[in-house]
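Student: For the record, the sequence lines run as chains U and C.
Position 99 of the first sequence, counted from 1, bears residue number 264 in our numbering, the numbering being contiguous throughout.
Position 41 of the second sequence, counted from 1, bears residue number 135 in our numbering, the numbering being contiguous throughout.
Any given hint could turn out to be false.
Looking from chain U toward chain C, a few residues come up when the C-beta cut is under 8 Å (computed) [what the hints assert, rightly or not]:
1. 204
2. 207
3. 210
4. 251
5. 270
Keep in mind that the hints were calculated from the coordinates and are not lab data.
From the three backbone atoms N, C-alpha and C, an ideal C-beta is built for every residue, glycine too.
The residues making up each chain are set out below.
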Amino acid sequence: MSATAGTAERVDLASTSLRELNQRLHDQAGAGEPIRHWQILNPSGAHALACGLDAPIEVEIMGHAGYYCAGMNKLAAVTVHGNAGVGLAENIMSGVVRVTGNASQAAAATGRGGLVIVEGDASARCGISLKGADIVVRGSVGHMSAFMAQTGRMVVLGDAGDALGDSLYEARLYVRGSVRSLGADCTEKELRDEHRDELAELLAAAGVDGIEPGEFRRYGSARNLYTFHVDNAGSY
Amino acid sequence: MCGIVGLFAKTDDVQARLGAHLASMLLELNDRGPDSAGVAFYREPAPAGGSKLTLHHPDVGYDWAALAAAAAARFGGEPQVHRRENHAVVVVAAPADAAEAWVGEAHPEVRVMSAGSVIEIYKEVGLPRVFAERFGVAELDGSHALGHTRMATESRVTTDGSHPFSTGLDLCLVHNGSLSNHNRVRKGLQREGIVFRTENDSEVAAGYLMWRMREGATLDQALEGCLDDLDGFYTFAVGTADGFAVLRDPIACKPAVLAETDEWVAMASEYRAIATLPGAEGARIWEPEPATVYSWERVAA
Chain U
166 MSATAGTAER VDLASTSLRE LNQRLHDQAG AGEPIRHWQI LNPSGAHALA CGLDAPIEVE
226 IMGHAGYYCA GMNKLAAVTV HGNAGVGLAE NIMSGVVRVT GNASQAAAAT GRGGLVIVEG
286 DASARCGISL KGADIVVRGS VGHMSAFMAQ TGRMVVLGDA GDALGDSLYE ARLYVRGSVR
346 SLGADCTEKE LRDEHRDELA ELLAAAGVDG IEPGEFRRYG SARNLYTFHV DNAGSY
Chain C
95 MCGIVGLFAK TDDVQARLGA HLASMLLELN DRGPDSAGVA FYREPAPAGG SKLTLHHPDV
155 GYDWAALAAA AAARFGGEPQ VHRRENHAVV VVAAPADAAE AWVGEAHPEV RVMSAGSVIE
215 IYKEVGLPRV FAERFGVAEL DGSHALGHTR MATESRVTTD GSHPFSTGLD LCLVHNGSLS
275 NHNRVRKGLQ REGIVFRTEN DSEVAAGYLM WRMREGATLD QALEGCLDDL DGFYTFAVGT
335 ADGFAVLRDP IACKPAVLAE TDEWVAMASE YRAIATLPGA EGARIWEPEP ATVYSWERVA
395 A
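The shape of chain C in the complex, shown without the other chains (with noise of 0.2 Å):
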């Protein structure tokens, strides 16, 4: 099964309650992804020629604020780390780029979430309901997030076949299906030098992804590749950083609903997660096509 949910904010008010929102979207999909849940959100730009990553490390007791020094005597500036249950995000005083292969480099026992000026992941195995109460999901604010319950059918429940997947710097990718072709698709992408951590198959959607956009694709031109390479079934919703985009595969096999209002846009699996939302009963609803892509941006203000 798998759960998916999707919130843009149009409206500050929406800004500063978006975890709150997405928080209440993701319990009515608990039950569609009792294996694991991870949520993307887009927050709290780093300064200017800066980055942050989220950082995992299974012990709750990681020495972070060792990190973040060490960070910080290497690019500059002052540590800055903010904990949250077994991740952190680490603010850098550097392109996000560098600052993720430092981490490699350097302490190899942490994991990179994400990367970028804005994105932040979080996500771990149990009850989506439980890891949204861990890991305070109700107190975030930002432009726009993505979250993701998980019914594992292809790979092992673990942290990292968890969604969402980084896709790319500020770019992240939750999926409903499962792909039928992704051994094949995998064997080819690592040849091109993506590497893959898990034997997921939505993984390797969205190294295809990342495989794609670094080859010059933009994001509506790489998902449209999805629709000739991947063979199985899809629904997926990709986190930018200036919003989101929703792609079903040709036969849209598996289910989504969009909805927007002045106030917000919208998408889940099953209406009842949007009905959460203040002003639901009056938003314009439907069910995307399948084949196309849908996006939404922010435009600059």
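Chain U extracted, bound-state conformation (with noise of 0.2 Å):
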């Protein structure tokens, strides 16, 4: 799927509008023979970037994202040269979104299948409501990161802020420096094996090199919430 620079189909927005690049981008998933390797230039902070792609095509996007960029991606892999906005990777199905940068609030929210990279922070409610989706933070995640994550795998190389994981579910959380604090019914696990070798797996992934699993933290859910209670079975 790597192609060489000099093969890419380069769309500028400059001169091309964000609905007819979607739209192109959109057509790859019922074409015989899709475009492999795509370079967006000039995108200038755009919202709604590469969003609902659903074919396994390269797309650099060579600077600033704005809002919803990736958003419900399948097969894709997407790559932003530069910082990312809000809600980067809403909704990911499966494929690779990577940002070199940092990325604004809600990274990956909601994100059922594939591997969301943030090369430097993200900020707030990372991973909120997480549902499956990979999640690979090399720099620090803000507030609220993982709120309601019900299943998938957060990785974060820096820091966590206040609140992380607040009414977990099953989604499994690795830090490597500090917590402010834990959420509602997040609790610090021992890292067993099984939780090195995934761990080891997802830093391959995201091409971290030099980082042991040892050096990080597990947390998850205490399962203590009313949620987890079987007698309040009955009340839905």
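Build the complex: two chains, separate frames, hints provided.
Tutor: So this is what it looks like as structure tokens:
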């Protein structure tokens, strides 16, 4: 899937409308032989860039992206060479979304599958309501990250802000730095061999070298909230 | 939505080009707030003992020279007025509160947009892009400035309902978000003698700060009071004579990005606005924590 820059299809948003670009990218889903490698020039913080992709293509965004970049991504590998705004890779289904700079709030929110990599910091509510996707943040995450995360994994090489993992379900959180505070019902758990193994896999998938899985602490649900008591099952 | 931008110059070069920088930031957030736009610039201090007012009259042909002459006749000094579209900055040889009171009595047909020694506020309905062009924002210099693009939710699109709102001498507020208890807070503030011109929620936040500082609070204390007394979503940026401050609500619902280099401090709703600044790629960038007051002040030379 890796193509050289020389063969990339270049789309310049200074002269092409965002709607036209997204339509062309969507058209690759039905194409017998999709155009494999795309470069988007002059993104200038546009919102909803490369949303709803559904083809095994590689899209490089050569600059800063605005809100909801690569939302609902399926199969595609999207790289933002810059910073991304609110809601990066929201509800990602599969594929890989990578940001070389920072991601704003709610990165990978509700993501169901695939991998989201933030090479800088992610801010508040990273991985909120996560439903199966994996997240690797090389920097730090802001407050209320992994709020109500149901399943999936979040790896943070830096620090986590307040209320990490509040009202967590079964998602697994790994933080290498400090955690300012844990949210309701989130607790530190033992880092066992199977967790070291999955950390090693996630770090490798994100292209992170020189960091040992043993440097992380694991956090998960204490399963003490109302929703975890079988006596309350009839209430739903 | 709404968009906020702020820029604080640390060097003479950024000061000289402050308007050009702020205008390019504002244009990036054009689509966040197509209903109206406004800026507050801190520049050209009035002579000691004097003050300057930014005044507005809907008619661009309004006779500002006559008003300035009347001010000079009343307070002394030479008439000094600089018109900018349907706004004008009048320099008066009297303290700002006295000058403002005189305008209210002698010229009730004009609105006082700002009063103080360094602040100038310009704001108008319409696309931010058109506003910036019409008011020549790029030509302005200054030590620091705030800008706002409005997508109206809580009240009508009018000049008075545009941001920034004056919150006292040399103070102003811009707001992204919406307040849910503004009617109740407004009633309380009206009993304290604070006057409101619109049904706008952000004007209530401005009035709240004005009241708290009138009662002796520092700016930081007044902002911290917002956390207890204002209900809703907000990112506030407040301009002062010496700098600016930023506050987000306890959930940090509304966006804000801060960036700092050796040459400037910038604040914006989206990073794309900061990306227009020279040296942005090397800036320290972060998103402000919820319920935390951030402030920058010019250190007296």
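Student: Where does the structure disagree with the numbered hints, that is, which hint numbers, in rising order?
Tutor: 1 and 2
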